[in-house]
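Please model the entire structure based on the sequences and the hints provided.
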Amino acid sequence: MSFKELLEDGPRVVNIGMDRFYLDLLDQEVPAVKVNWKPPLVKSSLMEKLKRLRGDDIE
Amino acid sequence: MTLNNIEKANSVAFDKLLRAEPQIVDLGLAKDVIPGFGEKMILHAGPPLTWERMSGPIIGAVTGAILYEGWADTPEKARAFAAEGNVSFDPCHHHNAVGPMAGIVSPNLPVWIIEEKNSGKKSYATLNEGLGKVLRMGAFSDEVIERLHWMREVLYPVLKNGIRRYVADNGGLNLKSLISQSLHMGDELHNRNRAATSLLIRSLVPSLIDAESDNPDLSKVVRFMAGNDHFFLNPGMAAAKVSLDSVGYVEGSSMLTVMARNGTDFGIQVAGLKNRWFTCQAALPDVLLFPGFTKEDVNRDIGDSAIMETYGVGGFALAAAPAIVQFVGGTPQDALNYTKEMYEICVGENKHFTIPSLNFRGTPTGIDLIKVVETGITPILDTGAAHREAGKGQVGAGIVRMPSEAFVKAAEAFVEEYSK
Chain D
1 MSFKELLEDG PRVVNIGMDR FYLDLLDQEV PAVKVNWKPP LVKSSLMEKL
51 KRLRGDDIE
Chain A
1 MTLNNIEKAN SVAFDKLLRA EPQIVDLGLA KDVIPGFGEK MILHAGPPLT
51 WERMSGPIIG AVTGAILYEG WADTPEKARA FAAEGNVSFD PCHHHNAVGP
101 MAGIVSPNLP VWIIEEKNSG KKSYATLNEG LGKVLRMGAF SDEVIERLHW
151 MREVLYPVLK NGIRRYVADN GGLNLKSLIS QSLHMGDELH NRNRAATSLL
201 IRSLVPSLID AESDNPDLSK VVRFMAGNDH FFLNPGMAAA KVSLDSVGYV
251 EGSSMLTVMA RNGTDFGIQV AGLKNRWFTC QAALPDVLLF PGFTKEDVNR
301 DIGDSAIMET YGVGGFALAA APAIVQFVGG TPQDALNYTK EMYEICVGEN
351 KHFTIPSLNF RGTPTGIDLI KVVETGITPI LDTGAAHREA GKGQVGAGIV
401 RMPSEAFVKA AEAFVEEYSK
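Taken in order, these protein sequences are the chains called D and A.
Residue 3 in this note's numbering sits at position 3 of the first sequence; the count goes up by one each step and never skips.
Residue 241 in this note's numbering sits at position 241 of the second sequence; the count goes up by one each step and never skips.
Keep in mind the hints are simulated off the structure, nothing from the lab.
Fair warning: this is a prediction, and the values are worked out from it, not measured in the lab.
Ideal placement from N, C-alpha and C gives every residue a C-beta, glycine not left out.
One or more hints might be untrue.
Pair ranges (Cβ atoms, derived) [what the hints assert, rightly or not]:
(1) Asp9/D to Phe293/A: 25 to 35 Å
(2) Lys38/D to Ser11/A: 37 to 47 Å
(3) Phe293/A to Phe3/D: 52 to 62 Å
Computed cross-link-like contacts, EDC-like style, restricted to lysine to aspartate or glutamate with a CA-CA straight-line distance of at most 16 Å [claimed, not checked]:
(4) Lys176/A to Asp15/A
(5) Lys274/A to Asp245/A
(6) Lys51/D to Glu7/A
(7) Lys34/D to Asp19/D
(8) Lys160/A to Asp210/A
(9) Lys371/A to Asp334/A
(10) Lys274/A to Glu416/A
(11) Lys40/A to Glu84/A
(12) Lys43/D to Glu416/A
(13) Lys274/A to Glu84/A
(14) Lys351/A to Glu84/A
(15) Lys371/A to Glu48/D
(16) Lys371/A to Glu29/D
(17) Lys34/D to Glu341/A
(18) Lys51/D to Asp169/A
(19) Lys117/A to Asp26/A
(20) Lys133/A to Glu341/A
(21) Lys38/D to Asp19/D
(22) Lys420/A to Asp245/A
(23) Lys160/A to Glu251/A
(24) Lys31/A to Asp90/A
(25) Lys49/D to Glu417/A
(26) Lys43/D to Glu405/A
(27) Lys160/A to Glu212/A
(28) Lys392/A to Glu296/A
(29) Lys121/A to Asp286/A
(30) Lys49/D to Glu416/A
(31) Lys38/D to Glu344/A
(32) Lys8/A to Asp24/D
(33) Lys38/D to Glu341/A
(34) Lys49/D to Glu412/A
(35) Lys34/D to Glu48/D
(36) Lys51/D to Glu416/A
(37) Lys51/D to Glu412/A
(38) Lys43/D to Glu412/A
(39) Lys274/A to Glu251/A
(40) Lys351/A to Asp26/A
Printed below as a string of C-alpha cells:
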C-alpha cells in the first residue's frame, strides 16, 4: 500500500497483541482484524530447544 | 528424540486415554479399599501439602474429617490434633484417588470404586454431599458432620447393594458412555452435572428397587441423589482419573496426565516425566460471586476437579453447556470461544466426547505441554470457588485460567530429560 492509497483509502489494520488498540479502531469504525497471539511462556533459547526436540526446522 | 518420536509418543498417550473404559464396579470404605491408606491418614486435593501451608478451606475440611472420625470432639481440639502432627497427610493422587475442592478423604468415608475395564486399574472418590455447607468447601458445622454420618450409615449400604445388583445383572456401569450422552444434554461435567446425575440415577434406580425394595430408607436415598445436581461429579472425576492413570508413563510424551490444585499450589504431571509434580502458586479465581461476598473472600484455586479438563471435558467442553455460562459469568459465544481456544493446546479431538453446537466436533483432549508454552495459552477451568476462611463454604463459580509457572518448570524438565 502506497502512502497515497493509505491517505485516500484509509488503513487496513491487523492487530497483534493487546486488544485496546483494536477496540479503539472499531469504536472509530475503522476496519480491523485481531490476531489472537501471545508470546511463548518460555525464553526463546528454551523454546528453540523444545522445537529441536520436536524436530521443527530451526533457521 | 525428534518430531516423529514426540508426535508418536503423544499419539500413543492420546490413544491410551481414548481407549480407557471407566466403569463403576462397587463402593467401599476408604480405609478398606484405597491402596496405602494408613491409620490416622487424611488425603487432600492437589499436590503435596503440609499442615503449615494449608489454606482455610482445607483446614476447615480437615477439622470436619477429624470430628467425623471421632479423633477429637470439638473443632479446637481437632485443629490441635492436626497441628500436633497426629495426622498423616497425602495427596489423593498418590493413592489413585481424586476429590473435588478440598478433596478430603478420611478412613471411614465411603468411596466410589471405578475400574478401567481393559487394565483392571482402579480409582476412588467420595460420595458428593450436595451444595451449601459441605466438607469439600471447608465447612465443619454439626449439620455437615451429621450429613456425613447419614451418608455412611444410610446412603452407603443402600447404594452399595444397588450397585452390586446392577453389576451382577449388567457388568460395570459404563461411565464413558454416560459422559458422552451428558455432553449432548447440556453438561460440561465440571460445573454442570445435571444430565449425568439424571442418567446415573436412571441407571441405578431399578437395581436399587430390586435390591432394597423392603428398606424404608430407599426413598430417602433416591431423594438425596435426585436433590443434588453434582452427585455425578465424584464418580465422573474418578472415571477421568483412572483413564489418565491408564495412560501411565509414555517415554517422550509431552501430554499432561494430571492438573490439580490444593488451595495453595497448582501442580501438573506429564506422561513423559513419570510421576513428577511441577508446581507453582495456585491462581486467585476472578469468578462470579454469590450475593454478600467480595473478591477478598475468595481462596486460591482448589480441587482435583481439574482432572475433568485434563480428560477433555469441563471447561474444555464449555461449548456443550450453554445453560451454565450465565452461572459462571459469560455468554454462549464466550463458551464457544473458550472451547475453540483449547484446541490450540491439545494433542487431538475426542472421538467419544462430541459437542453438538460445534457440528459434533470432538472435545479438545490431551493437553500438550509444548503447545501450552509455545502459544502462551494456559488451560481454563470451569470451577467453584471457596471462602478463604475455614468453615464458610462456597462463594462463587466461574472460569479460572491456570498459572503458567508450573508449565514453564515442566518444559525445562522436559528439555533436560530428553536432551541427554
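Evaluated hints:
1. Asp9/D to Phe293/A: 25 to 35 Å: With Cβ atoms ~52 Å apart, the hint is violated.
2. Lys38/D to Ser11/A: 37 to 47 Å: Given about 26 Å between the Cβ atoms, the range is violated.
3. Phe293/A to Phe3/D: 52 to 62 Å: holds (56 Å)
4. Lys176/A to Asp15/A: holds (15 Å)
5. Lys274/A to Asp245/A: Status holds; Cα separation ~11 Å.
6. Lys51/D to Glu7/A: Given that 16 Å is the threshold and the Cα spacing comes to 12 Å, the pair holds.
7. Lys34/D to Asp19/D: holds (8 Å)
8. Lys160/A to Asp210/A: Satisfied, since the Cα-Cα distance of roughly 13 Å is no more than 16 Å.
9. Lys371/A to Asp334/A: Outside the cut-off at roughly 22 Å; violated.
10. Lys274/A to Glu416/A: holds (14 Å)
11. Lys40/A to Glu84/A: holds (13 Å)
12. Lys43/D to Glu416/A: Judged against 16 Å, a Cα distance of about 15 Å means the pair holds.
13. Lys274/A to Glu84/A: The hint is violated at about 33 Å.
14. Lys351/A to Glu84/A: Roughly 50 Å between the alpha carbons, so the hint for Lys351/A and Glu84/A is violated.
15. Lys371/A to Glu48/D: holds (13 Å)
16. Lys371/A to Glu29/D: violated (35 Å)
17. Lys34/D to Glu341/A: Answer holds: Lys34/D to Glu341/A is near 14 Å, not above 16 Å.
18. Lys51/D to Asp169/A: violated (52 Å)
19. Lys117/A to Asp26/A: holds (13 Å)
20. Lys133/A to Glu341/A: violated (35 Å)
21. Lys38/D to Asp19/D: holds (12 Å)
22. Lys420/A to Asp245/A: Outside the cut-off at roughly 26 Å; violated.
23. Lys160/A to Glu251/A: Judged against 16 Å, a Cα distance of about 39 Å means the pair is violated.
24. Lys31/A to Asp90/A: holds (14 Å)
25. Lys49/D to Glu417/A: OK: Lys49/D and Glu417/A at ~12 Å, within 16 Å.
26. Lys43/D to Glu405/A: holds (12 Å)
27. Lys160/A to Glu212/A: Answer holds: Lys160/A to Glu212/A is near 10 Å, not above 16 Å.
28. Lys392/A to Glu296/A: Holds. Lys392/A to Glu296/A sits at ~13 Å (cutoff 16 Å).
29. Lys121/A to Asp286/A: violated (37 Å)
30. Lys49/D to Glu416/A: holds (10 Å)
31. Lys38/D to Glu344/A: holds (12 Å)
32. Lys8/A to Asp24/D: Roughly 45 Å between the alpha carbons, so the hint for Lys8/A and Asp24/D is violated.
33. Lys38/D to Glu341/A: holds (12 Å)
34. Lys49/D to Glu412/A: holds (10 Å)
35. Lys34/D to Glu48/D: violated (26 Å)
36. Lys51/D to Glu416/A: holds (14 Å)
37. Lys51/D to Glu412/A: Distance of about 13 Å is within 16 Å: holds.
38. Lys43/D to Glu412/A: holds (10 Å)
39. Lys274/A to Glu251/A: holds (8 Å)
40. Lys351/A to Asp26/A: At roughly 28 Å apart (the allowed maximum being 16 Å), Asp26/A and Lys351/A break the hint.
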